[in-house]
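Chemist: Assemble the whole structure, with the sequences as input and the hints as a guide.
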Amino acid sequence: MLTLLLILLPLLSGFILLLTGSKNARQIALVLSLIEFGLALFALSTLKSGALETLNYNMPWIPNMGISFRLGMDGISMLMVLLSTMLMPLIVYASFNKTYNNAHTLYALMMLMQSAMIGSFVAMDGFLFYIFWEVSLIPIFFIILMWGGENRQKTTFKFFIYTLFGSLFMLVALIYLYLHTANHSFDIQALYAAGRSLPLVEQGLIMGAFFLAFAIKMPVFPFHTWQPSTYVAAPTPGVMLLGGVMSKMATYGLIRWVLPMVPDGVHEYGYLIIGLSVVSIIYASCIAIIQKDFKYLIAYASIAHMGLISAGIFAMNMQSLQGSLMEMMSHGINTVGLFFAYDIIYNRMHTSEMTKLGGIRGVESRFAFLFFIIVLSNVALPFTNGFIGEFLLILGVFQTNMVAASFAGLSIILGAVYMLRAFQKMMLGETNSLTLHFPKLEKQEIITLSIIVILIVVMGVYPKPILEITESSIQTLLQGIQ
Amino acid sequence: MEQLVKLIPLFPLISFAIIALMNRRLSKPLAAVIACIGVLLSFIDSAVVFQSQLQSFHPVEVKVFDWIIAGDFNASFSFLVDPLSSIFLMVITGVGFLIHLFSVGYMKDDDGMRRFFAYLNLFIFFMLVLVLGNNFLVMFIGWEGVGFCSFMLIGFWYKDNKNNDAAKKAFVMNRIGDLGFLIAMCLIFFNFGSLNYSTLFSPGFLAESSVSTETLTLITFCLFVGAMGKSAQIPLYTWLPDAMAGPTPVSALIHAATMVTAGIYMVARTNVMFSLTPDTMTLVSIIGIATALLGAVIGLFQNDIKKVLAYSTVSQLGLMFVALGVGAYTAAVFHVVTHAFFKALLFLGSGSVIHAMGGEQDIRVMGGLKKKLPITYLTFLIGTLAISGIPPLAGFFSKDQILSEAFAHNKILFALGLLVSLMTAFYMFRLFFLTFHGSFRGTHDQEHHLHESPLNMTLPLIVLAVCAAFAGFVGFPHVIGQGLGLHNLFEAYLSPVLGVSSSHIEASVEWMLMGLTTVLIVMVILYARHLFVSKNYVPESDSHMKGSFKKLAYGKFYVDEFYNKVFTQPLDKVSLFLEKGIDIPVVDGMVRGIGKLTQGLASIARKIQTGNTGYYAIAFVFAILLLFIFFI
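Residue numbers (the working numbering), protein chains in the order written: chain V, 431 to 912; chain B, 18 to 649.
Since the hints were derived computationally from the structure, they do not count as laboratory data. Just so you know, not all the hints are guaranteed correct.
Unchecked claim - Chain V side only, calculated, beta carbon under 7 Å to chain B, not exhaustive:
no., residue
1, I465
2, P652
3, T655
4, L825
5, G859
6, E860
7, N862
To be verified - Quick list of in silico lysine to any residue cross-link-like pairs, SDA-like style, CA-CA up to 25 Å:
no., chain 1, residue 1, chain 2, residue 2
8, B, K324, B, T230
9, V, K855, B, N178
10, V, K584, B, A622
11, B, K176, V, N862
Think of the CB as a built atom: it goes at the ideal place given N, C-alpha and C, for glycine as much as any other residue.
Modeler: This is the structure we're talking about:
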């Protein structure tokens, strides 16, 4: 019931927001998203107390096709739900520095998206997962289309078609598995059983079909070209949702729907994906180095990080999976942080072209300080959350594939190159005529950045509570595979 | 005892937090006092812990909290105090405190003084974590943490992009080494299932494990790559001279006395592994001696007071690696300690000179500072004698130990080491005479401005000079010690961790080497005196420089330019090609192509959708027919 509530509340919130109109929309959205976060924390305490049944929900939906509205949560789902419910109020609060037209519609769409994303994290029925996966696209489509910047029509269209195209492969794979289930059911366990009974090559194909859908959404090379332009066109709250939460639907999907479904296929062909992911890391890091616009840089940096996560998932061991989940958390938080820093700069300077900036630290040192910690986490410095994830990922991938891990490790060098370059260009050096009048940060901006920075440091110094959430679920998952 | 150990890094962390959080609400002097107290308390605490370690060998392990646990991987944030770490604790907090004290005067007119002390405190914290950690991962926290602080302090004056570039270069170069460290950790965990020293270095553990020598060699090689980065060895040394862009106390603390010795600490800490891998050991000594030579040669021709000291540091670190490479771990650590004293002294002395000269760093325009800065002069002389290896100053003992160990191992290594020592004596006295002797060659304004530094700056100089003079007595060579009835206390103290060097040379040979070295060094000094004092020789200005080798060495053999051409620029070019040559035309081009194709097909398909029901009916019938055919 609790799990159902987690989906329904944001849905309800969306409708409330639509009804109340623009006035105080953002305050209402903030309160509602905080309630949702509280609910997620309650679910966490339930999970910790071991009362798993209360988190399950099952109702027949289209019984003659074996489709049921089945929800459930283990540690992995829980972590994803926590991530999205925690980021939501933060994203809403971060948007307080700007007034959007038709704000209530914007926030309503964000809530609807939240609902669908949580749905995809807790769905335990293949068909249901697919529905949530697709539905989540619609709100973000409208968010970018209505509040986006230049070229939004073209980019949104490309983004929409591209992801939809990928999803079709997943749908085909799901139906194929469905046809192989004992008594035609989309139930997750039935699909697992069906997948595992398939011959090796077919398992590999299923893996490939799922991966295609997920790889586009994460994204990894060479399925990433929709992403930078979409990130640039999207309004800040939209891009935060996209980069912070939505990309995690894909990596979560790999853990939930691919590894346990076709384990032999992953064992046999997983190295191909690890290889592709490592290529993606280096490729995107290199391109990030020469970006002139900070938002593009964040986009490519994001591809690099997602590549590492993807490699970790396919390495399929305790460290790599724990690392990938930790990195998903960190990446979510840090991406929101980076985009917020971008937002702060762009709102003031009306440009994010890095060579036009410079010397901001001399004008607003508090911003420079907070921003720099977010940068450090992206560079994976120990005692930031970014380090925990990257270290475990490299350690884990290393045990499966030493060469891949060593190449993936290059990201700690390249990451330092592009991140420090960017920071230097924008924040250090002499102030110029533009940055000389960089307005001081508002209180709301300081608070938002501080929350992110505190999360970065606390998670980096004491990651144990987070690692504990997923530990036993990953163990179960790995045992099921072997 | 456990609480005391936990407190050692906590003090500077707390003072960092206070200064960072209070920031402008603290007055500048108050911030400085808080920073100094933080380190002083840590020093006192370390001294107590050190004292207890002196009495008997009893390593203390302290677990602070669980850090990263994932499956069978478990790395807790915990500390280990044993003779090795306790010596580093004393050096870090002791020298650290003196440099903090010096900075109070040095930085008092700088707007960023609070910031400066905050970073300095944070640096001490991370450095302490580095040496205190009881597993590789905690060492790595400190390792990266000090790199970060170094980055912040090199780029301390961030308005000048030259400093920022130097800072970034240091960070990225260190990161290259860090990747080696990271891979080494992966290998260790993969092969031994643990990163804890107590597990890995327990007697016989490595020898009894089924891990092959090749794998162990790979591990130590990767670790050494990490050490190359942090301790500025070939090929990752070019960041250190550039790091002089930071304030001078930073150069003294981070880029001479403490952080750059982290690589030596790491190898000494993992000596059990290194001793099992002779190939890596050979590499360590080769890289060490090559770096020592290169640093010394470049040092001969530099005219910037801090650059000379920087290359001297590179060179001395090289000598320490030579010692490590021949298995003389104690000698290396001994040299770390004495070097920390005299190099910190020399850097702070140069800081005092730069302070008096109003920021000038070129020794060609100095001269005759002896009278105006008597305390700086005297202490600098002690430091110079110590680094040159004149008995009975500290540098003599540690350098002698390294040279005699090298001699026992390989005569060529010894000869090159001796050459390095001679060059060291020459460039140091060149620096010394040009700065303090002769007549003043600067501007009138500068001459008018010349003054001795205040007490809080000279006091650290004096204390360090005393240490640089007498610290060597804790490590008497056996040949001298036997005669006087004195033991090599240093070696005895460290022996449970580092073992005792097995190489022994005959007493007569050792006496002869000692005598030979000393006589040659004295001759070099006299020659330098002849050249720079009697003949008043001053190096020519940059544009008048003659001799191609001189130009080459003055230009640091253009290694930076080479790296730039071979690594930095190609990286940018490759990146640009990936974006403009692949990402946009090929990868995205394919996506666009598919889009266009679909559009094309759609326009064909549109023609079919005529809206004429008749066509539809016919198509429908045909389709059904086809289906039938297909299924039958």
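Chemist: Indicate, hint by hint, whether the structure satisfies it.
Modeler: We went through each hint and held it up to the structure:
Interface hint at V/I465: violated, since its Cβ lies 32 Å from the closest Cβ of chain B, which is beyond the 7 Å cut-off. About 5 Å separates the beta-carbon of V/P652 from the nearest beta-carbon of chain B, less than 7 Å, and the hint is met. Hint status for V/T655: holds, given a least beta-carbon distance of 4 Å to chain B, under 7 Å. Look at V/L825: its Cβ gets to within about 5 Å of chain B, closer than 7 Å, so that hint holds up.
Annotation: interface hint on V/G859 holds; nearest CB of chain B at approximately 5 Å, less than 7 Å. At about 5 Å, the closest approach between the beta carbon of V/E860 and any beta carbon in chain B falls short of 7 Å, and the interface hint on this residue holds. For V/N862, the interface hint is violated, the least distance from its beta-carbon to any beta-carbon of chain B being 12 Å, above 7 Å. Our distance criterion of 25 Å between C-alpha atoms is broken by B/K324 and B/T230, whose separation comes to about 41 Å.
A distance of roughly 9 Å separates the Cα atoms of V/K855 and B/N178; the hinted pair therefore holds under the 25 Å criterion. Distance hint between V/K584 and B/A622 is fulfilled; the C-alpha atoms sit about 23 Å from each other, no more than 25 Å. A C-alpha spacing of about 11 Å is found between B/K176 and V/N862, which places the hinted pair at or below 25 Å, so the restraint holds.
Checked against the numbered hints listed earlier, the structure breaks hints 1, 7 and 8; every other hint is satisfied.
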